[in-house]
Amino acid sequence: MTTVDAIILLGIALLTNMSATFTDLFGYLLLFVSAAMLLWLRAALVEREGGWRRRRVNEEGEVPAAIMRSGILFAAGSILLAWLLTGVAVAAPLTGAWRSLDGVWDGVRDQFEGVFGSLENPQSRITGTSFGSSFTVLGEWRSSDAEALVLHASRPLYLRTTTYDTYTGRGWERTDGPSREVPAGEPLFGETTPERPTRAEAVRVERIAVELRQTIGRNLFTAGSPIRVFAPSVVHESAGLPVLGGIESGSPIRTGEAYEIGTAISQATEEEL
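Residues in the sequence shown are numbered from 1 upward in steps of one, following our numbering.
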């Protein structure tokens with residue numbers, strides 16, 4: 001195995017770990033990149049010196065030192081520019097490419113859910129941090145007092161994001177159905193859908209907001225009978241029926257961001273229910 005092969009292998013392992021945890025590992029990534037570039041530079045210099053000796057080229061003692069100094073400056077400048085470009089518009093063209101991989105990651109995450117579902121690391125992105133097409137019931141349920149999201153509404157409401165309709169004996173699954181993109185502010189369903197209340201006087205249309213305090217993938221949380229989302233969204237219909245099997249954002253939602261939903265809230269009281 002060459003030096004580059006070892007760097008690539010360890011880099012993939014570190015990036016995979018960063019993708020699977022909420023723990024901030026950016027400092028470790030920066031340290032790894034610095035060490036990797038210096039190791040690669042030293043290995044390249046050793047290989048070049050070996051070529052000089054085979055060709056019996058007399059080198060001055062200052063030459064290797066000058067190569068190392070220029071290599072270190074180049075590595076430091078590259079790392080600094082990469083760090084700065086993550087927060088400016090120059091990196092924007094790559095955003096679409098990375099976001100296109102979210103669907104692939106969602107499928108991998110759903111498969112890992114069945115394997116690692118019993119793990120109880122609160123910083124894991126794989127276990128209990130998102131709602132995919134399946135949900136494996138394993139281990140012991142443990143909750144946390146840390147806020148996941150904040151609902152801005154006139155009164156407390158129950159929230160939902162995915163509907164599971166099949167029990168497998170080990171967990172729940174959502175029956176596959178069509179998925180469609182819905183532009184911001186457009187109705188989620190047409191007129192003929194069980195999601196739309198049949199009695200207008202029994203509900204009140206409200207505009208609520210949901211603010212994320214933790215990263216929860218692309219899942220959008222709604223209340224009551226959602227009518228429209230004021231952000232690009234993806235609606236998953238269950239078993240080909242016009243019902244809400246799941247709803248996701250058209251792009252990843254970061255911690256601290258919020259979205260608004262127009263929804264029909266039932267006016268039934270506890271006594272009536």
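In case anyone wonders, no lab produced these hints; they're calculated from the structure.
A hint or two may mislead.
[Unchecked claim] Beta-carbon label-pair distances, calculated as ranges:
1. GLY51 to ARG213: 21 to 29 Å
2. ALA82 to THR23: 15 to 23 Å
3. ARG213 to TYR158: 28 to 36 Å
4. LEU39 to VAL150: 44 to 52 Å
5. GLU147 to GLY11: 28 to 36 Å
6. THR163 to ARG42: 23 to 31 Å
7. GLU186 to GLU272: 26 to 34 Å
8. ALA82 to ARG204: 48 to 56 Å
9. ALA13 to ALA148: 52 to 60 Å
Even glycine gets a Cβ: it sits at the ideal position worked out from N, Cα and C.
Outcome of the hint check:
no. : hint                         : verdict
1   : GLY51 to ARG213: 21 to 29 Å  : 57 Å, violated
2   : ALA82 to THR23: 15 to 23 Å   : 21 Å, holds
3   : ARG213 to TYR158: 28 to 36 Å : 18 Å, violated
4   : LEU39 to VAL150: 44 to 52 Å  : 46 Å, holds
5   : GLU147 to GLY11: 28 to 36 Å  : 34 Å, holds
6   : THR163 to ARG42: 23 to 31 Å  : 56 Å, violated
7   : GLU186 to GLU272: 26 to 34 Å : 32 Å, holds
8   : ALA82 to ARG204: 48 to 56 Å  : 51 Å, holds
9   : ALA13 to ALA148: 52 to 60 Å  : 29 Å, violated
The structure is inconsistent with the numbered hints 1, 3, 6 and 9, although it conforms to all the rest.
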